[in-house]
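Number of protein chains: 2
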Amino acid sequence: MTNLRIPGPIPVPDDILETMSWQMINHRGPEFKDILFRTTEGVKRVFETKNDVFIMTSSGTGAMEAAIVNTLSPGDKIVNVSVGVFGARFGEIASVFGAEVVKLDFPYGTAVDLDKLRDTLNAHPDIKAVLVTHNETSTGVTNDLQAIAAVAKREFGKLVLVDGISSVCSIPLSTDAWGCDVVATASQKGWMLPPGLAFISFSEDAWEAHAEAKMPRFYFDMSAYKRYFEIGQPPYTPAISLMFALDLALQKIEAEGIGSVFERHFSMAQMTRDGIKKLGLTLFPRDESIASNTVTAINVPEGVDASKLIGILRTEHDIVLSGGQASLSGKIFRIGHMGYTTAEEIQEVMDALAVALPKVGFSPTRIEA
Amino acid sequence: MTNLRIPGPIPVPDDILETMSWQMINHRGPEFKDILFRTTEGVKRVFETKNDVFIMTSSGTGAMEAAIVNTLSPGDKIVNVSVGVFGARFGEIASVFGAEVVKLDFPYGTAVDLDKLRDTLNAHPDIKAVLVTHNETSTGVTNDLQAIAAVAKREFGKLVLVDGISSVCSIPLSTDAWGCDVVATASQKGWMLPPGLAFISFSEDAWEAHAEAKMPRFYFDMSAYKRYFEIGQPPYTPAISLMFALDLALQKIEAEGIGSVFERHFSMAQMTRDGIKKLGLTLFPRDESIASNTVTAINVPEGVDASKLIGILRTEHDIVLSGGQASLSGKIFRIGHMGYTTAEEIQEVMDALAVALPKVGFSPTRIEA
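Residue numbers (this note's numbering), protein chains in the order written: chain A, 229 to 597; chain B, 229 to 597.
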């Protein structure tokens with residue numbers, strides 16, 4: 229059994245996988261209506277929101293696009309707060325659709341500095357929205373979203389658009405209490421599902437912005453989703469198999485309790501961080517307090533070929549890790565531990581690293597046997 | 229076992245459903261690369277194209293949007309050739325993204341009149357593209373796409389954008405030979421798959437148009453799909469389970485032979501048409517020669533409550549049919565027979581109609597027993 233340890237897709241529990249092979253039903257019939265209503269309520273509880281939540285057939289990137297095109301007009305000024313590859317993508321989408329993007333980039337491996345955000349918002353009083361990544365999988369850093377939203381929303385009254393793709397359902401994110409207007413996420417992360425569904429929340433302020441937002445949109449136009457939801461239907465044919473799976477995943481999450489889900493993620497992450505430190509490796513995030521509980525980014529030791537290390541783990545240990553993206557290629561490697569992850573699986577990675585690292589020229593501190 | 233007879237989603241064969249519960253794999257690893265390359269080649273063969281074909285995570289509507297935003301700029305004049313609800317949607321998407329839309333609407337139940345298309349193209353020499361639905365599920369009409377494309381492409385040199393959602397893999401569509409620049413389709417139709425994937429082809433002329441096309445796009449930007457395909461990856465996390473299913477579905481389609489797939493659709497459709505005529509019902513399409521081989525639209529007899537008829541079939545016979553959409557609501561009902569459909573399933577619908585029609589005040593011509 230392959231130990232798939234990348235930051236999504238994640239291994240899916242067997243009972244959830246089984247629902248994926250259920251036969252098709254009419255997506256405009258009463259049975260699907262029940263599923264749509266029940267899953268939407270369940271997703272809302274995970275988001276901790278009383279606002280609208282919609283379920284779409286797309287990857288998380290589609291939901292990021294939806295967050296932007298439903299609330300902004302070409303020419304609107306926004307600040308894109310970025311700490312990595314996915315942060316940059318959020319700003320790129322806004323730019324493609326005609327927003328005037330003020331870039332607030334922080335070095336890879338660091339988190340958002342609130343004072344710099346305040347400075348930017350003071351320097352550009354015409355900024356309409358703050359775009360921010362909650363958990364940046366490319367660097368293994370989690371931003372303090374609660375504090376960022378407090379500055380953006382409470383202090384400055386801006387619209388807060390959140391890429392919560394690798395955080396919602398893994399790391400605490402209290403949509404309403406924190407003042408997040410739009411939160412976008414995707415199924416192949418903490419939700420324990422295969423990829424293919426995206427979820428997005430919309431606050432009242434987001435709907436007010438929507439009424440004036442002129443960016444063109446059709447497939448991702450949330451007003452169609454809202455209109456059809458009234459009659460218990462999605463506007464377009466949904467990925468029915470994934471809706472069956474979501475229905476069961478939500479039952480499992482509720483049975484476990486969302487607090488326990490967060491604790492489980494914390495404990496798997498802590499075990500990973502402790503394990504790699506014992507091996508003499510170092511975390512890529514500059515400070516352990518900002519290290520993500522869904523993916524751990526690790527510096528590739530001096531002189532080690534990262535792709536060779538990852539290759540050995542894959543071919544000799546059946547363990548799949550991720551390398552670094554873009555400019556981080558070759559400099560870091562990443563261990564995913566979101567969703568359905570056990571201590572045994574993390575231990576297996578550590579044991580394999582202890583065997584593989586010497587083969588690529590690095591002597592782990594911990595000597596086995 | 230429910231007899232799901234709507235124009236998609238369609239019942240999926242058991243062996244394909246089984247692949248939907250396979251465990252996740254790395255979408256940026258070698259195993260997925262093989263699947264992506266193999267399925268893309270298979271989809272190309274079904275499209276009968278040597279051009280690029282891309283696989284996206286979305287419904288068919290997403291692929292319709294992709295066809296438009298990748299080839300047009302705001303202000304471009306297009307003619308939207310429509311014979312029903314989905315034809316209207318194609319034009320609406322173009323309009324939302326800023327195209328100047330010349331509407332060429334034909335009455336519901338009829339097909340495209342080539343002379344009127346020629347008149348429109350002559351009257352508006354600045355038209356850049358012709359948007360057309362191959363098979364209109366809302367009215368059960370199939371347009372003569374080969375002839376339409378010949379006029380649009382060969383006679384007038386226009387870009388031809390095709391909604392082939394309910395036709396590709398059910399009805400012959402020869403993308404390259406007919407001169408179709410972009411063809412969009414979706415998985416939950418003749419492909420025998422659950423919904424969630426969309427496929428789109430791009431001709432060289434489409435790529436030339438893409439280079440100048442200024443409509444904003446990100447999730448549906450085909451240049452990202454093309455760039456990533458070079459390294460055997462999708463740009464965004466794909467619906468992996470559906471890719472496993474597509475891989476098997478294509479094997480089954482090739483084993484059967486695409487010619488046999490088309491014949492199977494024709495024979496199921498003919499059986500449906502013959503059956504409803506024997507019951508004394510009439511086809512909604514004005515002429516049987518334009519009646520679709522994927523869905524049969526039937527006039528609701530005078531005085532019959534369509535929703536009551538559909539309700540009886542659902543609750544008393546476990547058969548799910550579709551009603552009419554928009555202005556056709558209450559006026560027609562529809563029997564889907566695309567993809568994996570057997571003669572027994574069609575016979576079951578006819579037998580149930582024979583029993584149910586008298587209950588809603590219509591005496592079938594054919595008396596059972």
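For the record, the hints were derived by calculation from the structure and aren't laboratory data. Fair warning: there could be bad hints in the mix.
Identical copies carry no separate label here, and so any pair may be met within one copy or between two of them.
Distance condition first, Cα-Cα at most 27 Å in a straight line; then the derived DSSO-like pairs of lysine-lysine [said to hold, decoys possible]:
no. : residue 1 : residue 2
1   : 261       : 559
2   : 536       : 261
3   : 344       : 454
4   : 442       : 278
Could you work out which earlier hints the structure fails to respect and list their numbers in ascending sequence? Of the numbered hints, just 3 does not hold.
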